[in-house]
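S.K.: When you get a sec, could you build the whole thing from the sequences and use the hints?
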Amino acid sequence: MHKLTYLEAGRRALIEEMRRDPRVWALGEDLGRGGVFGQYKGLAEMFGPARIADTPISEACIMGAAVGAAMTGTRPVVEMRFSDFALCAIDELVNQAAKARFMFGGQMRVPLVVREPVGMWRSSAAQHSQSLESWYTHIPGLVVVAPSTPADNLGLLKSAIRADDPVVYLEHKALWPLEGPVPEGEHLTPLGVADVAREGRDLTIVTWSAMRHASLKAAEALAKQGIEAEVVDLRTLWPWDRDAVFASVEKTGRLLVVQEAVSVSGFGAEIAASVAEALHHRLKSPVKRLGAPRIPVAYAPPLEDMARVTPDRITEAARAMCVHAEAV
Amino acid sequence: MHKLTYLEAGRRALIEEMRRDPRVWALGEDLGRGGVFGQYKGLAEMFGPARIADTPISEACIMGAAVGAAMTGTRPVVEMRFSDFALCAIDELVNQAAKARFMFGGQMRVPLVVREPVGMWRSSAAQHSQSLESWYTHIPGLVVVAPSTPADNLGLLKSAIRADDPVVYLEHKALWPLEGPVPEGEHLTPLGVADVAREGRDLTIVTWSAMRHASLKAAEALAKQGIEAEVVDLRTLWPWDRDAVFASVEKTGRLLVVQEAVSVSGFGAEIAASVAEALHHRLKSPVKRLGAPRIPVAYAPPLEDMARVTPDRITEAARAMCVHAEAV
Amino acid sequence: MNGASRVSAGNGANLDRDRLTMALGTMWRIRAFEELAVRAQKEGLALGAIHPSIGQEAVAAGVCLNLRRDDLLLSTHRGHGHTLAKGADALAMMRELFGRAGGTCGGKGGSMHIADFDVGMLGANGVVAANITIAAGAAHSMRLLGSDRITVCIFGDGAINRGPFLEGLNWAKVFDLPVLFVCEDNIYSATTRSTSMTAGPGVAARAESLGIPAVAVDGNDVVAVDAAARAAIDAVRSGAGPQLLHCKTYRITGHTTADAALYRDPAEVDKWRESDPIARLADTLVADGAAPAVLDEERARAYAELEDIFAAARDTAWPDVAGAFSDVQDLGDPRERAY
Amino acid sequence: MNGASRVSAGNGANLDRDRLTMALGTMWRIRAFEELAVRAQKEGLALGAIHPSIGQEAVAAGVCLNLRRDDLLLSTHRGHGHTLAKGADALAMMRELFGRAGGTCGGKGGSMHIADFDVGMLGANGVVAANITIAAGAAHSMRLLGSDRITVCIFGDGAINRGPFLEGLNWAKVFDLPVLFVCEDNIYSATTRSTSMTAGPGVAARAESLGIPAVAVDGNDVVAVDAAARAAIDAVRSGAGPQLLHCKTYRITGHTTADAALYRDPAEVDKWRESDPIARLADTLVADGAAPAVLDEERARAYAELEDIFAAARDTAWPDVAGAFSDVQDLGDPRERAY
Ligand SMILES: Cc1ncc(C[n+]2csc(CCOP(=O)(O)OP(=O)(O)O)c2C)c(N)n1
Ligand SMILES: Cc1ncc(C[n+]2csc(CCOP(=O)(O)OP(=O)(O)O)c2C)c(N)n1
Ligand SMILES: [Mg+2]
Ligand SMILES: [Mg+2]
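Heads up: the protein sequence lines correspond to chains L, R, G and D, in order. Quick note on our numbering: the first sequence kicks off at 1 and runs consecutively. Quick note on our numbering: the second sequence kicks off at 1001 and runs consecutively. Quick note on our numbering: the third sequence kicks off at 2001 and runs consecutively. Quick note on our numbering: the fourth sequence kicks off at 3001 and runs consecutively.
Hints are computed from structural coordinates only; laboratory data are not their basis. Predicted, not measured: the structure shown is a model, and the values here were computed from it. Ideal Cβ positions, reconstructed from N, Cα and C, are used throughout, including at glycine. Check the hints yourself; a few may be wrong.
Claimed, not checked - Derived DEER-like restraints, expressed as beta-carbon distance ranges:
| hint | chain 1 | residue 1 | chain 2 | residue 2 | range |
| --- | --- | --- | --- | --- | --- |
| 1 | R | Pro1301 | D | Asp3070 | 34 to 40 Å |
| 2 | G | Arg2069 | L | Pro22 | 23 to 29 Å |
| 3 | D | Leu3145 | G | Asp2283 | 55 to 61 Å |
| 4 | G | Glu2297 | R | Arg1122 | 38 to 44 Å |
As the list claims (entries may be wrong) - Sample of chain R residues with no beta-carbon within 12 Å of chain G, all distances over it, derived:
| hint | residue |
| --- | --- |
| 5 | His1002 |
| 6 | Arg1019 |
| 7 | Pro1022 |
| 8 | Leu1178 |
To be verified - SDA-like, lysine to any residue: derived pairs with alpha carbons at most 20 Å apart:
| hint | chain 1 | residue 1 | chain 2 | residue 2 |
| --- | --- | --- | --- | --- |
| 9 | L | Lys41 | D | Ala3261 |
| 10 | R | Lys1284 | L | Ala278 |
| 11 | R | Lys1224 | G | Tyr2263 |
| 12 | G | Lys2173 | D | Ala3261 |
| 13 | R | Lys1041 | G | Lys2173 |
| 14 | R | Lys1284 | L | Arg282 |
| 15 | R | Lys1041 | G | Tyr2263 |
| 16 | R | Lys1284 | R | Ala1244 |
| 17 | D | Lys3271 | D | Asp3296 |
M.R.: See the structure below:
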């Protein structure tokens, strides 16, 4: 084990996979100078401009070209810069990449990875802060991944690049500098398998991406109050790890879903509804979701903070669930 | 009361609102010849080509131009032809229309209506059959409407045109020829208010759009088995009528959400999760969702039918909920 | 400004009669296929929307004459002709229109999503202009793989007002990719005359403003299309980068079989009927000394084949419903949460 | 082909000294604003990303000199200069950068979403090229309302490779709308030299291929920009339909304050520094007989004003947090399901 940042881990994943498989290439704006966050630093020098391809500001064509390339034998890794800009390429992702294999009766596959940095990053405002993972989970054909640690950004990105499905890969901008231990050798995190980040008996917190860390902080605070929260980091949102979530909720009897995205029709609704459908009779208290209000993200910090799910807010919600249930 | 089809009712709504308010105009491909389904038949003759504007095949610009127009004093009604093509204009709708008022600190509003015909229509296949209402409900700033009857297509479209928010207005292609009674005089259906399409004491079916009709058929079949289903047609998905839904579920103790869309992360998850959160202790059986599998819609009828929620499937699910609860 | 050079028709030039007789056969097969597809729709056998290419056969035949089987082709919602000319199996195509087992896409796609990867046909597309960027990517992929397969992308005159036209052509030129763009200009986009919604001189000028050489050609003259396509494809193959061909033709039918096309002047249709690309080629060949009977045989053979295909497709079973759940993706259960 | 006619610089022509002194004042105000914005970001006062327009002031000043207060302007992520030149309140703008109460957008938008509808400034935009279609719509609206207000849309050289450039320009020409498109070409799109990603001769040729007259101008010569903008805007006002102005300038700073721009040759930057638009105008005016002291006063006034504004903005309170939930929409409760 050595330490890497989340950003460096993603970079290492791409380097390893590009070394392993000459069909893998990356395309996006400014990649030749390392990409907007430096995730691609040095890669053009390492692999040449053909495989680390600078592109015009043409999100629709970046995605469309990746679809065409993936259909014909190469394995593109698409960089969308901010997930918000992927909204310029939704037809290409949803009507084309996700459906092509099915529409064409399985004649080919579309093995591409779309990297979309998501989430709030101080004062990025409404067009650079969104988390739209629930959209992608709704689309047949797409895999959706949201890593939260350096080790997972290494292991999941490698698995995503090896997958034959189109994968929407959501890195969180606030996590770029996060350091953590990463295995030195080959490290593949399986897609579709959750990580129990913390064990606990009193309630299950299901979360993903940056909210893993807020949830773990909340769990510490809860522990001081005698409440042991189990924190399940989904890592992959589609397919999500039903077994892990259900097993945990069967044990604790309580489910709190914690997400950064807007709560209304967020992916937390899917988790909460699924648990409510399947485990109603095992619940000691009602399922509960935390997420952002239905507001665009504002620029001014005090306003932006109103869109944030914080450790305090998690702690409070979790405590209410446990206390309330005891009162019932 | 006289009878109109769903299509004619929408047409009448637009005519009435264009007569009432000279700032209202419509834009989209082929509108001068009545639009692809004939919803605009005769309107160019009535209002002239400036207000019933033919456009290039430029969905992004149709939507973007509507945003600019709505910001500056006119009230565009955008025709997207098939909701699938709106995926070519998502930046304009989500990053621009929905957020502009907020980002700009309330300096203006974006009063536009986007008409997006949705849903399965025999053998339209994967790129002409989608129902993505849950996406729009997730986006702060948007109103989402899904009429199911001629009277509602009249009254809701008129209300949508009068609203000062951007409204995503989802007409169902299979409903165009549906006939129904429509009031003769001015008829406005309020946004955000559900319609209890059928009363019942045993379970609540929450639904919208074409599934209202499948649900009513199922309710009849259930009645023959002694189960009285209450069918609540949401009509507006954002804001949805919590009061009506909660009141009904408090009465029946059972919630079945019926949607045509893919069930995973569909809007039904929001309804089911909300009810599970708020009314857990009032439920006689777990909440339940029906929706499409997570598959693209196929062309061949037997395959396409595998994506359909049918009256039989609804009846079966509802019966299981009622029977099961009695057994517990 | 409108600098597209014009290739004049082949009349008078040395004709390659075998080659053109082959083109005639292809055109008859397309015509027969489309006529039977229209009939099938009337009879409720062909489902969904059908966009016939009757009258436009010279574009498909003339372009594809110059392609290798392993070259790549991307098409539009009006793609039957292109697909046949590229060598796809007509019975599998008809089965696909009927939504039957053994269709090119197993009945999952239908007319607007026909693809046959075995012959390099990477798909029709239900979204106007969407295949332009996909084609750029396919060509990009060939470059990366060191392959000499070229890519051809056909789109309509209505597609040139969508963003992907700009983005895809710019991309192809920036990366100097081996692509031929073919604008199949049939004057209409659905019920709209495309010129009324198209600013400036048109597609060739737009391509040239992106540094892509463009040639305009009479799209109802297969001799001219063949010659122009050959020149453009030679340029693409020789590494000269993307090229564009603007083929001017006409959609004899309505936009779909459901469209009576009352917005058109019947005289306009009549005028174009006189310029029928099949009849014109036959005349050219006869003038060149071909025996009319030989040409009639091409026609007869095509209709006989397609009638058989029609019957065979009609007698084919529906696909197994399990197909609704296959080919979705490797990961995850597509039945999850289903009803 | 690359037919953009060139307007040569104003030197030698009859100068309107008052007008140009006003332009000088505007340019100094922009320069001062940007320098203070950069300082503010270093000090942690300006938040989010800041894209300075230092070196590009002549475009903003020269174009906006020709606009009425009620004309409409749409800008980019690099929009401070345009916004100031259009007449927005500089203190409100600085407050917006600091995220404070009384900002142009109440602190909700920040640098990339500055708008001031009172002076017809319809917004910066965080999405490259997005304002092009919005501008077309604003102009469309003016047409429908019978208004004589024209619309100006400024975008960068990187924006011309996105689809909305094609769709918006085509739209403007098809509907013959009163819009002036201004390409503010500062050679770079973020860290990339735009020409390396731009096929063909460039923006003017693309506009002309859409039937839109285009003029290229030295964007660091405000006299030339003013003259070219006046001519183009006269054409727009007189009903000649959309026009395009290609202003060639240079981004002296990095893309954002966080970008050291090491990908550039320092000699290139030096060369462009010598072509500083403010210095050039001052030289021109002095050569024309203006007193240097008067010109220095413009500078001093601008910095004095902006220093005061900086201090005032710094001393302004944060906005009330209730603002996070207002201006979202009329219908529905934005707090629904919140944490
Ligand atoms: C993005 C998009 N917008 C609209 C449509 C609906 N539509 C299908 S075909 C067509 C006309 C296309 O015209 P053209 O490109 O000239 O092709 P043609 O039908 O004439 O072959 C339209 C508008 C679509 N399929 N996709
Ligand atoms: C659709 C989209 N893609 C990418 C970006 C990221 N981005 C912001 S500014 C910029 C460069 C724009 O270059 P140009 O249009 O020349 O404007 P300049 O910054 O030079 O003023 C990029 C790529 C964005 N904001 N929007
Ligand atoms: Mg056409
Ligand atoms: Mg630039």
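S.K.: Run every hint past the structure and note whether it holds.
M.R.: Quick rundown of the hints versus the structure:
no., hint, in the structure
1, R:Pro1301 with D:Asp3070: 34 to 40 Å, "violated, 58 Å"
2, G:Arg2069 with L:Pro22: 23 to 29 Å, "holds, 26 Å"
3, D:Leu3145 with G:Asp2283: 55 to 61 Å, "holds, 57 Å"
4, G:Glu2297 with R:Arg1122: 38 to 44 Å, "holds, 40 Å"
5, His1002, "holds, 28 Å"
6, Arg1019, "holds, 25 Å"
7, Pro1022, "holds, 25 Å"
8, Leu1178, "holds, 19 Å"
9, L:Lys41 with D:Ala3261, "holds, 14 Å"
10, R:Lys1284 with L:Ala278, "holds, 14 Å"
11, R:Lys1224 with G:Tyr2263, "violated, 52 Å"
12, G:Lys2173 with D:Ala3261, "violated, 27 Å"
13, R:Lys1041 with G:Lys2173, "violated, 43 Å"
14, R:Lys1284 with L:Arg282, "holds, 14 Å"
15, R:Lys1041 with G:Tyr2263, "holds, 13 Å"
16, R:Lys1284 with R:Ala1244, "holds, 18 Å"
17, D:Lys3271 with D:Asp3296, "violated, 24 Å"
Hints 1, 11, 12, 13 and 17 from the list above are not met by this structure, while the remaining hints are.
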